[in-house]
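Student: Sequence:
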Amino acid sequence: MEEAFSKSRSNIYSDHKKENHFKELHNLFCAIKESDYKLFSQNDLSAHFDLITYIFKGLEYLDNSTLNIIPYEIIACLEYALEDWIPNNDFIIATSLSNKNLDFYFESYYSREHFEQMNTYIEPRYSLKITHRLIRICLPKVLSRDYLSMVVLYHE
133 MEEAFSKSRS NIYSDHKKEN HFKELHNLFC AIKESDYKLF SQNDLSAHFD LITYIFKGLE
193 YLDNSTLNII PYEIIACLEY ALEDWIPNND FIIATSLSNK NLDFYFESYY SREHFEQMNT
253 YIEPRYSLKI THRLIRICLP KVLSRDYLSM VVLYHE
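So the sequence shown is residues 133 to 288, counted in the working numbering.
Calculated directly from the structure, the hints in this document are not laboratory data. Even glycine gets a Cβ: it sits at the ideal position worked out from N, Cα and C. Misleading hints may appear alongside valid ones.
Capping the alpha-carbon separation at 25 angstroms, the derived lysine to aspartate or glutamate pairs in DMTMM-like fashion look like this [unchecked claim]:
| hint | residue 1 | residue 2 |
| --- | --- | --- |
| 1 | K189 | D222 |
| 2 | K149 | E211 |
| 3 | K149 | D222 |
| 4 | K261 | E192 |
| 5 | K165 | E151 |
| 6 | K139 | E239 |
| 7 | K149 | E239 |
| 8 | K155 | E239 |
| 9 | K170 | E134 |
| 10 | K149 | E192 |
| 11 | K273 | E239 |
| 12 | K232 | D195 |
| 13 | K165 | E135 |
| 14 | K189 | D168 |
Pairwise CB distance ranges, derived in the manner of DEER restraints [unchecked claim]:
| hint | residue 1 | residue 2 | range |
| --- | --- | --- | --- |
| 15 | S138 | E239 | 16 to 26 angstroms |
| 16 | C162 | K273 | 27 to 37 angstroms |
| 17 | E135 | N221 | 28 to 38 angstroms |
| 18 | Y169 | K232 | 30 to 40 angstroms |
| 19 | N152 | C209 | 21 to 31 angstroms |
| 20 | S259 | D182 | 16 to 26 angstroms |
Could you build the full structure based on these sequences and the hints that come with them?
Tutor: Rendered as structure tokens:
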């Protein structure tokens, strides 16, 4: 995972929330790396496995949401629609580009409740907090600039 962070450090993101999210993920990873996992209970090991998965998936989507890759029109449309559904603008839309031609999906693994529980777990242990939920959208790389083909994604 350190290699993934070193590759991602030079990314230029389309907005400051993504940059801050990257820093929060990195800080959390560093804190976890410094912890003595041998003393963890089985529940703590399971929780940390989930945290590492969250960090890894977050990096994957942030890497595909840089200035030269992100499909601006789709993100702008979704941000406008989400303002009505998610209060306080506490979300980040990140995309991942797939090599599969029909690979459209919305990854909503982390509900608001799960996100809050994750922060409730992180804060007392590491004095850190993840401030924005990541809304993850996958779309085919070959269609990322073909706006008529994006009807499926707009529907999501």
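Student: Hints the structure violates: just list their numbers, smallest first.
Tutor: No numbers; nothing is violated.
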